[in-house]
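Line by line, the protein sequences are chains A and B. Numbering-wise, the numbering used here puts 124 at position 13 of the first sequence, and it's gapless, one number per residue. Numbering-wise, the numbering used here puts 73 at position 40 of the second sequence, and it's gapless, one number per residue.
Please note: incorrect hints may appear among the correct ones.
[Claimed, not checked] Each computed DSS-like pair below joins lysine-lysine, with the alpha-carbon atoms no more than 27 Å apart:
{"#": "1", "chain 1": "A", "residue 1": "K164", "chain 2": "B", "residue 2": "K566"}
{"#": "2", "chain 1": "A", "residue 1": "K150", "chain 2": "A", "residue 2": "K164"}
{"#": "3", "chain 1": "A", "residue 1": "K150", "chain 2": "B", "residue 2": "K90"}
[As the list claims (entries may be wrong)] One-sided and incomplete, this derived list gives chain A residues near chain B with beta-carbon spacing under 8 Å:
{"#": "4", "residue": "F182"}
{"#": "5", "residue": "Y210"}
{"#": "6", "residue": "L211"}
[Said to hold, decoys possible] Beyond 10 Å from chain A on every Cβ pair, some chain B residues (computed):
{"#": "7", "residue": "S271"}
{"#": "8", "residue": "M492"}
{"#": "9", "residue": "N516"}
{"#": "10", "residue": "V559"}
Simulated from the structure, these hints should not be mistaken for laboratory data. Where is the CB? At the ideal position from N, CA and C, for every residue including glycine.
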Amino acid sequence: MTTPTSPAPTADIDIHRLTALADVMLPAAHGMPAVSDVKAVESYLPQVLGWRKDLHQPLVRAVDALDPSLFTIDRLSALHEEDEDAYVALTTAVAACYYLSPVVRELIGYPGQAAKTYDPFAYTEWVAEGLLDPVVDRGPIWREVPG
Amino acid sequence: MTYRADVLIIGAGASGGVAARHLAEHGFDVVCLEQGDWPDRSAFPGARPDWELAIRKDWAMSPNVRSRPEDYPVVHDDSDIEPLMYNAVGGSMIIYAGTWPRMLPSDFRVRTMDGVGDDWPIAYSDLVPYYNAIDQQIGVSGLAGDPAYPPHDDYPLPPLPLGAAGRRVAEGHNRLGWHWWPEPNAILSAPYDGRRPCVQRGVCTSGCAEGAKASTDLTHWPKATAAGARLITGARVSRITMDPRGLATGAVWLDRSGVEHHQEADVVILAANAIGTARLLLLSADDRHCPDGLANSSGLVGRRLMMHPFSVVTGWWDDQVEGWQGHFGASITSYQFYETDPDREFVRGAKWALSPVGGPLNHILPMRAGNEVWGPDHHELMGRTFGRGASWAIFGEDLPEEPNRVDLDPERTDSHGIPAPRVSYRISDHSRRLMAFQEARAEESLRASGCRETAVASMIPYSGWHLMGTARMGNDSASSVVNTRQQAHDVPNLYIADASVFVTSSGVNPTCTITALALRTADLLVQHRSEQKVPA
Ligand SMILES: Cc1cc2nc3c(=O)[nH]c(=O)nc-3n(C[C@H](O)[C@H](O)[C@H](O)COP(=O)(O)OP(=O)(O)OC[C@H]3O[C@@H](n4cnc5c(N)ncnc54)[C@H](O)[C@@H]3O)c2cc1C
Ligand code: SF4
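Just chain A, with the same shape it has in the complex:
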């Protein structure tokens, strides 16, 4: 099972090459930084592969198969056809690294899955306000069964 794990060694993955690929997938645009701007791959890949060891080998294959100087989104789609596991490993690892970055999380307004408190009796307010009244006023919609 996945439990908090130590980072995985990534010596067999060319981090610069992977970052170059990742920058094509998630470039700087629309006010968001590129993967390299937030150092997402070098900062988080060991942790991501520590959590998801199953991604390691297919990611190695993806990085080997793709030439960063020729890489395009069309080439990424072609990888999907050629080697689905490599495609899934590449997209998952790149996206996971990027969205672990606190800078990126801040920019998209995502604090993680946070715990919240609430008043369980707050419903009495919207009931009193009449939110359900039209539903109740239309009457029953279930069907009586014969017998």
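Chain A is fixed; fit chain B with the ligands onto it per the hints.
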């Protein structure tokens, strides 16, 4: 050393837990064999940064993807829907969403009312006392008075928060004149029975570390074991054993190291879910008495599998609604298009449940609605959608068809070498018409609620969370596997407590009904204990 129990239950999930507690509290000596372990809540991934990675592998809903030793593979190459489940004390409730609707009166009479499927041999009214009791045991949060249902007892706890999205869609439905109601959920909105309330983290389908979401490891097993029930984990049953008189004598099981044991019992109750139970009945075939599988003189064991075709319709507003947050069960529900309307091209209908849409990875690598977009447009899409959406989860009534079935795979096995179940299942043309109609209405609903954009993920394959129908209930032993007490027609001391017995699927999430039926079965066993046939 083995000893003979009054009752052996196979499977410690939803139905097994409910039956065990009731029987143990009524003086039965109960043993339960469960292939999984007690869940370790500290290992649940929801509050960890790797949550969205974990749910794609070690915490996947699919046993084939998780591939833990306690999981058995389910072969589904020939199925439009992939079966999903969890194997542990608490069963699939560990990862279920916790939505807790009852079935409706018409669900039990689809042949009479709509000319399709079959009527159940019991009625909604037979289940009402058990629905009421189970809601109390589970700790259901909800609001009584839903006009989609006959009046019934109030829920023990107030409804969970509507959230910003729930409120908007409720108002949208009021504008359309369509039904909505706060969804009843098996999730605590306030402290109850020593458990803490939901904190709205939105990670329910990878385990609720808070313990707010009901599962029988919390709600039933501690009480069952306190009343004397024995729960053996890491115990995988390979077959049910029989005596020459045609009575079940117990079951053979394998421990984690593969050592074989035999548990004897007066009565055997199968509670292994509609795939696990069908698998065990087929594995228990014996050349002399039941060459086609145990309790299978009707030939229906494994057949009529129903899984609820499932679509997701997502809508996005212009502003934030914190769409990753909130209990995953559902904030609100709609039964506007549940009952049959003769003007439509199909009969029966679907239930809708409004759910959150998950974190960033679920947007980029969607398991539900949406597309993968890379390059500069990725950021435009995220800016437009992230945190701004909610999804209608649509469960269509699935009518029983004999070719949709579970049998044994000739090659694949589990980690103990026991043949794996194989699922063959096709979504019917009727279901396709039904779902297309519902999807179009759900888009209207979200537009009327102010969404700027909507997307439909139609009949997604990764959605086999409701497993039903593989050993149907009926009065006639030629056309059903169990009677109205869920006792096998062919084997009078063998009972089935899980959703295998469903005659039709209804269009609602099944676990409220599964547990009400399991409680009823256990209760009737208590009432009729003096006349129960047992092996010598
Ligand atoms: C992701 C997901 C979301 C869901 N959401 C909802 C929801 O919101 N609302 C709802 O009503 N339902 C929901 N469900 C369905 C719900 O979880 C099931 O209906 C319910 O758990 C079924 O109960 P059961 O007792 O039949 O089987 P289970 O709870 O699946 O338990 C069966 C148990 O039997 C054990 N077992 C099987 N074979 C053997 C064997 N050979 N030997 C020993 N042990 C064995 C298994 O390990 C398992 O623990 C969801 C399911 C999933 C997977
Ligand atoms: S949202 Fe509520 S029920 Fe779901 S996991 Fe969090 S605390 Fe549990």
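Practice task
Run the structure past the numbered hints and jot down the numbers of the failing ones, going up.
Solution key: Violated: hints 1, 4.
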